[in-house]
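Peer 1: With chain A fixed as given, assemble chain B onto it according to the hints.
Protein chains: 2
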Amino acid sequence: MAEVKKPSKERIYLQGSSDAIKVPFTKITLSNGETILVSTVEGEKVSPLPKIRAKFTKSTHNSVKRTQLDCAKAGIVTEEMEYAAIRESYATGDKMAYTPEDVMAEVAKGEAVIPANVNHLELEPMVIGKKFSVKVNANIGASQVSSGFAEEIEKLKLSLKHGADTVMDLTTGINDIMGLRQAIINNSPVPIGTVPVYEALDRAKGDVGALTWELFRDTVIDQAKQGVDYFTIHAGLVQELLPHAAKRILGIVSRGGSIMATAMIRRDEENLAYTHFDELLEICRTYDVALSLGDGLRPGAIADACDEAQYGELKMIGKLAKRCYEAGVQCFIEGPGHVPLNKIKENQELEDLYCNKAPFYTLGPLVTDIAPGYDHITSAIGGAQIAKEGTAMLCYVTPAEHLALPTPEDVKVGLITYKLAAHAADIAKGLKGATLRDDAMSRARADFRWYDQFALSLDEEHAFEVWRAQMPEDCAHEPSFCSMCGPRFCPIRTNRVLKARYVK
Amino acid sequence: MAEVKKPSKERIYLQGSSDAIKVPFTKITLSNGETILVSTVEGEKVSPLPKIRAKFTKSTHNSVKRTQLDCAKAGIVTEEMEYAAIRESYATGDKMAYTPEDVMAEVAKGEAVIPANVNHLELEPMVIGKKFSVKVNANIGASQVSSGFAEEIEKLKLSLKHGADTVMDLTTGINDIMGLRQAIINNSPVPIGTVPVYEALDRAKGDVGALTWELFRDTVIDQAKQGVDYFTIHAGLVQELLPHAAKRILGIVSRGGSIMATAMIRRDEENLAYTHFDELLEICRTYDVALSLGDGLRPGAIADACDEAQYGELKMIGKLAKRCYEAGVQCFIEGPGHVPLNKIKENQELEDLYCNKAPFYTLGPLVTDIAPGYDHITSAIGGAQIAKEGTAMLCYVTPAEHLALPTPEDVKVGLITYKLAAHAADIAKGLKGATLRDDAMSRARADFRWYDQFALSLDEEHAFEVWRAQMPEDCAHEPSFCSMCGPRFCPIRTNRVLKARYVK
Numbered sequence: 210m211a212e213v214k215k216p217s218k219e220r221i222y223l224q225g226s227s228d229a230i231k232v233p234f235t236k237i238t239l240s241n242g243e244t245i246l247v248s249t250v251e252g253e254k255v256s257p258l259p260k261i262r263a264k265f266t267k268s269t270h271n272s273v274k275r276t277q278l279d280c281a282k283a284g285i286v287t288e289e290m291e292y293a294a295i296r297e298s299y300a301t302g303d304k305m306a307y308t309p310e311d312v313m314a315e316v317a318k319g320e321a322v323i324p325a326n327v328n329h330l331e332l333e334p335m336v337i338g339k340k341f342s343v344k345v346n347a348n349i350g351a352s353q354v355s356s357g358f359a360e361e362i363e364k365l366k367l368s369l370k371h372g373a374d375t376v377m378d379l380t381t382g383i384n385d386i387m388g389l390r391q392a393i394i395n396n397s398p399v400p401i402g403t404v405p406v407y408e409a410l411d412r413a414k415g416d417v418g419a420l421t422w423e424l425f426r427d428t429v430i431d432q433a434k435q436g437v438d439y440f441t442i443h444a445g446l447v448q449e450l451l452p453h454a455a456k457r458i459l460g461i462v463s464r465g466g467s468i469m470a471t472a473m474i475r476r477d478e479e480n481l482a483y484t485h486f487d488e489l490l491e492i493c494r495t496y497d498v499a500l501s502l503g504d505g506l507r508p509g510a511i512a513d514a515c516d517e518a519q520y521g522e523l524k525m526i527g528k529l530a531k532r533c534y535e536a537g538v539q540c541f542i543e544g545p546g547h548v549p550l551n552k553i554k555e556n557q558e559l560e561d562l563y564c565n566k567a568p569f570y571t572l573g574p575l576v577t578d579i580a581p582g583y584d585h586i587t588s589a590i591g592g593a594q595i596a597k598e599g600t601a602m603l604c605y606v607t608p609a610e611h612l613a614l615p616t617p618e619d620v621k622v623g624l625i626t627y628k629l630a631a632h633a634a635d636i637a638k639g640l641k642g643a644t645l646r647d648d649a650m651s652r653a654r655a656d657f658r659w660y661d662q663f664a665l666s667l668d669e670e671h672a673f674e675v676w677r678a679q680m681p682e683d684c685a686h687e688p689s690f691c692s693m694c695g696p697r698f699c700p701i702r703t704n705r706v707l708k709a710r711y712v713k
Numbered sequence: 210m211a212e213v214k215k216p217s218k219e220r221i222y223l224q225g226s227s228d229a230i231k232v233p234f235t236k237i238t239l240s241n242g243e244t245i246l247v248s249t250v251e252g253e254k255v256s257p258l259p260k261i262r263a264k265f266t267k268s269t270h271n272s273v274k275r276t277q278l279d280c281a282k283a284g285i286v287t288e289e290m291e292y293a294a295i296r297e298s299y300a301t302g303d304k305m306a307y308t309p310e311d312v313m314a315e316v317a318k319g320e321a322v323i324p325a326n327v328n329h330l331e332l333e334p335m336v337i338g339k340k341f342s343v344k345v346n347a348n349i350g351a352s353q354v355s356s357g358f359a360e361e362i363e364k365l366k367l368s369l370k371h372g373a374d375t376v377m378d379l380t381t382g383i384n385d386i387m388g389l390r391q392a393i394i395n396n397s398p399v400p401i402g403t404v405p406v407y408e409a410l411d412r413a414k415g416d417v418g419a420l421t422w423e424l425f426r427d428t429v430i431d432q433a434k435q436g437v438d439y440f441t442i443h444a445g446l447v448q449e450l451l452p453h454a455a456k457r458i459l460g461i462v463s464r465g466g467s468i469m470a471t472a473m474i475r476r477d478e479e480n481l482a483y484t485h486f487d488e489l490l491e492i493c494r495t496y497d498v499a500l501s502l503g504d505g506l507r508p509g510a511i512a513d514a515c516d517e518a519q520y521g522e523l524k525m526i527g528k529l530a531k532r533c534y535e536a537g538v539q540c541f542i543e544g545p546g547h548v549p550l551n552k553i554k555e556n557q558e559l560e561d562l563y564c565n566k567a568p569f570y571t572l573g574p575l576v577t578d579i580a581p582g583y584d585h586i587t588s589a590i591g592g593a594q595i596a597k598e599g600t601a602m603l604c605y606v607t608p609a610e611h612l613a614l615p616t617p618e619d620v621k622v623g624l625i626t627y628k629l630a631a632h633a634a635d636i637a638k639g640l641k642g643a644t645l646r647d648d649a650m651s652r653a654r655a656d657f658r659w660y661d662q663f664a665l666s667l668d669e670e671h672a673f674e675v676w677r678a679q680m681p682e683d684c685a686h687e688p689s690f691c692s693m694c695g696p697r698f699c700p701i702r703t704n705r706v707l708k709a710r711y712v713k
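Protein chains in written order, with my numbering: chain A, 210 to 713; chain B, 210 to 713.
Chain A extracted, bound-state conformation (with noise of 0.2 Å):
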């Protein structure tokens, strides 16, 4: 056996039409010189993270009220739009899979998103809609109950290492949650997204019935100026769907919602997110903060799944989605929660037929309730079938869901879960160059790269660990075999056979 060629990886920058665009991707330089560009970014190392959006002269931060919609609906592109173009067409192997003028397009039409708030200047833009390779967010954020300040920010980096598109922070319940949240928002290169009652209830000392409008405004305005590019704003949990809500086996689950719901019914009001949409949307444009519409009565249950409450807050949100729209403030839709398989489909097209085709985000949907510590699978089934069918974006589960917070390996495990569930997607939507990482692996394998296999794995050190702790053999080399069928009779050999026959 020859001693091994290794693969090797680095980082490169690749420049758009202006100095200020240089877009990182990671290129994997396999061990026969065949090379892939992987999507990414920085942070995961980095800090003080570059503050690059400071060098965009046409952007939205130059300009306020003029948010990335506005921009596109005027047929202008920014250097956000340029950026994602890049992003996403490079990692394809087809330069020009996307242009700057595509993105634009899509986010003119309402169907794509570029989350990027004017004052978060670390972003690395990048674009979520239905054209575009699939997303997937990680939710970290500290609470009463477990979790500190250094925790999250290493939660932080180790989502940006395996691969979050976005970030939410849903921290509750800790002193210093404004402090906690800029961290965040500086060390991350990715999109933030927030739910902003949750700091609001804090503010209120925990006491529903002193959640006013006024708190709930200024905490949204506080951390608008902040630079969290995206907000989850529970607006179409309006009181009419409360019955609806009542007579399921699991009520609200949303814990936003759930907030919503209880604020309304002590007061006997209505939402007052709803009733003051307007200003909200006032306050979005002035920091071109994106809408993220919260499904406060996403199904917990697969009993509860597609009745009127979660259809109903959809149809709801649909309207808001216009009046997003019509105001110049990008939004997505929140989607489900516990969904039979047999459904999937279905919610996807009434998202569209509601909502004006806006990119759905959804949670999962996990499709049966009885296996708690495998959600990140029983969701990760509903959430590829979901976005084959057109979902942009997938909010991660962990095997912690229902039963804990999850731990830092539980934020691995979900993460590399909902990436390869996203890739599926991207594979079954047909999007271009999607396949190259997949037929670069199998290649690998029909040669015995072992190394390259591992290379191109979406979690390599585990990959390797794994296969190296059963192979008899000196790791310096590859052997031509492995321990599935031992070096007796091996499939893989059979091949060259095959081809030596009957391949000219």
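Derived by calculation from the structure, the hints in this document are not laboratory data. Since this is a predicted model, take the numbers as computed values, not measurements. Possibly wrong hints are sitting among the right ones.
All copies of an identical chain are treated as equivalent in the list; a pair is satisfied when it fits inside any one copy or across any two copies.
[Said to hold, decoys possible] Dumping the calculated DSSO-like pairs for lysine-lysine here, alpha-carbon to alpha-carbon at most 30 Å: (1) K552 - K340; (2) K218 - K531; (3) K638 - K339; (4) K260 - K236; (5) K214 - K708; (6) K318 - K456; (7) K638 - K524; (8) K528 - K641; (9) K708 - K552; (10) K524 - K708; (11) K638 - K456; (12) K414 - K708; (13) K254 - K708; (14) K340 - K554; (15) K638 - K554; (16) K566 - K638; (17) K340 - K528; (18) K304 - K528; (19) K552 - K638; (20) K214 - K260; (21) K713 - K370; (22) K528 - K708; (23) K566 - K236; (24) K456 - K215; (25) K214 - K414.
Peer 2: Same frame as chain A, now just chain B:
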């Protein structure tokens, strides 16, 4: 907080029309008195197993050369059919969900199979077919490189514990292969499948050139006499398909298929299982061994999926399936492999079209190639989807796939993953009572009955451990919150307010 009421589990037996038919179930009694039945088998702790089929009087093992299929065609309800019907029905909460006659009718059409070698007296009969619950197969087996005799029996017991519906023994390259197999059969209440060509090649001392029909036939006869319930035979991989396989990136990845192809090339002869298919049918008839018509050309890469090699073989297998049916030999059809999500439905449709609707039995399929270490998940995504479309049994894939032989922990994780995928498909197919356990879980969630949730989980021990690791409370109590939201604000508690207000 009150002292916690704990749920309990017990083994119960439901009797059929005679004393000989006593079907075991696990009865879960929740803390509120609700009960759930889960289909189970003896054998995890029992040794030696009772030879329950020795008391069957109408059964085929009393009448050599009358298979389950022969009986079904003649309108005879065997004890095996009745036993299988009880197993399918009671867990659904509806005793009459499937009558013995329903099972007979599906077997008579060739759309369901009861793998039950007349010599496997410890077998607790079960039925595989799209009208019934989706089944899961686990592979075990020693090899030259890894694992030994005792470990394989442990893997069998572990597979039974986690719900394997059938088990394939893929042992190769050890000294006492017959002895190990006999021990596996005698310790197994579930059908045991094998790939006889593995042992035949061992008998030929690994020399494919010495793999004659006589040697293959004698191996098949010996295994049939031992009580193997189904054989994977790669008889559809005929010479004319080899040039198509040679064009692929990964050629042939099926080990059995590769052995057959090598023999065909070495001797320049047609596939011996194809040319001697009638003699194989005669052996299978004699012992009522079901044929699992192997897809030696299953794609091993997304790039190779759905090509002429794969579909050409499927067509050929379809012709063999018709010969099985006419000969009174039960058969089912093996399927892929690696298939993109958008081609999953097509695979099931073509199987129905070519193969007379004989049950489909797939390995996954895996929906991407780039996630070694996570291929239980990439394949469960495809598996759940194809089972929703009608596939009757899924062969599990473990996290070790493409890297190593599975450890006992891999076997467990692979099985739980496939049980949840199969269950998701049962729900999607709308099988009677498929959501009973899910709904009980959701009610337990609504009531903070944590221990009931664990009792209803596919992996009870694991779910409990994840939860317990973060709960600050004494585990003798059931706190009415969890670490995810903490004690201060809990959506589940809000639902009680909702119900009080809106549900009369």
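Peer 1: Now tell me if each hint is right for this structure.
Peer 2: Verification of the hints:
1. For the identical chains of this complex, K552 and K340 are neighbours both inside a copy (22 Å) and across copies (20 Å), given an alpha-carbon limit of 30 Å.
2. For a Cα distance limit of 30 Å, the shortest separation of K218 from K531 qualifies neither inside one copy, at 44 Å, nor across copies, at 53 Å.
3. Taking the shortest alpha-carbon separations for K638 and K339, both the intra-copy value of 9 Å and the inter-copy value of 28 Å come in at or below 30 Å.
4. In this assembly of identical chains, K260 and K236 lie within 30 Å of each other by CA distance solely inside one copy; the values are 23 Å within and 61 Å between copies.
5. Within a single copy, K214 and K708 get their C-alpha atoms as close as 24 Å, which meets the 30 Å cut-off; across copies the closest is 65 Å, which misses it.
6. In this assembly of identical chains, the alpha carbons of K318 and K456 never lie at most 30 Å apart, being 37 Å within a copy and 44 Å across copies at closest.
7. In this assembly of identical chains, K638 and K524 lie within 30 Å of each other by CA distance both inside one copy and across copies; the values are 26 Å within and 27 Å between.
8. In the homo-oligomer, the alpha carbons of K528 and K641 never lie at most 30 Å apart, since the shortest distance is 33 Å inside one protomer and 38 Å across protomers.
9. Only between protomers do K708 and K552 lie at most 30 Å apart by alpha-carbon distance; the minimum there is 26 Å, versus 45 Å within a single protomer.
10. In this homomeric assembly, K524 and K708 come within 30 Å of each other (Cα to Cα) only across copies, at 23 Å, whereas the closest approach inside a single copy is 57 Å.
11. Within a single copy, K638 and K456 get their C-alpha atoms only as close as 37 Å, which misses the 30 Å cut-off; across copies the closest is 25 Å, which meets it.
12. With identical chains, the CA atoms of K414 and K708 are at most 30 Å apart between copies only, with a shortest distance of 25 Å across copies and 71 Å within one.
13. For a Cα distance limit of 30 Å, the shortest separation of K254 from K708 qualifies neither inside one copy, at 45 Å, nor across copies, at 50 Å.
14. Taking identical chains as interchangeable, the C-alpha atoms of K340 and K554 lie at most 30 Å apart whether they share a chain (17 Å) or sit on different chains (23 Å).
15. With identical chains, the CA atoms of K638 and K554 are at most 30 Å apart both within one copy (14 Å) and between copies (14 Å).
16. In this assembly of identical chains, K566 and K638 lie within 30 Å of each other by CA distance both inside one copy and across copies; the values are 17 Å within and 29 Å between.
17. Proximity of K340 and K528 under a CA criterion of 30 Å is satisfied intra-copy only: 23 Å inside one chain copy versus 42 Å between copies.
18. Within a single copy, K304 and K528 get their C-alpha atoms no closer than 37 Å, and across copies no closer than 47 Å, so neither meets the 30 Å cut-off.
19. Proximity of K552 and K638 under a CA criterion of 30 Å is satisfied in both settings, with 19 Å inside one chain copy and 11 Å between copies.
20. Proximity of K214 and K260 under a CA criterion of 30 Å is satisfied in neither setting, with 38 Å inside one chain copy and 57 Å between copies.
21. For the homomeric pair K713 and K370, neither the shortest alpha-carbon distance inside one copy (44 Å) nor that between copies (51 Å) is at most 30 Å.
22. For a Cα distance limit of 30 Å, the shortest separation of K528 from K708 across copies, 28 Å, qualifies, whereas the shortest one inside one copy, 59 Å, does not.
23. Taking the shortest alpha-carbon separations for K566 and K236, neither the intra-copy value of 34 Å nor the inter-copy value of 47 Å comes in at or below 30 Å.
24. For a Cα distance limit of 30 Å, the shortest separation of K456 from K215 across copies, 28 Å, qualifies, whereas the shortest one inside one copy, 60 Å, does not.
25. Neither within a single protomer nor between protomers do K214 and K414 lie at most 30 Å apart by alpha-carbon distance, with minima of 60 Å and 34 Å respectively.
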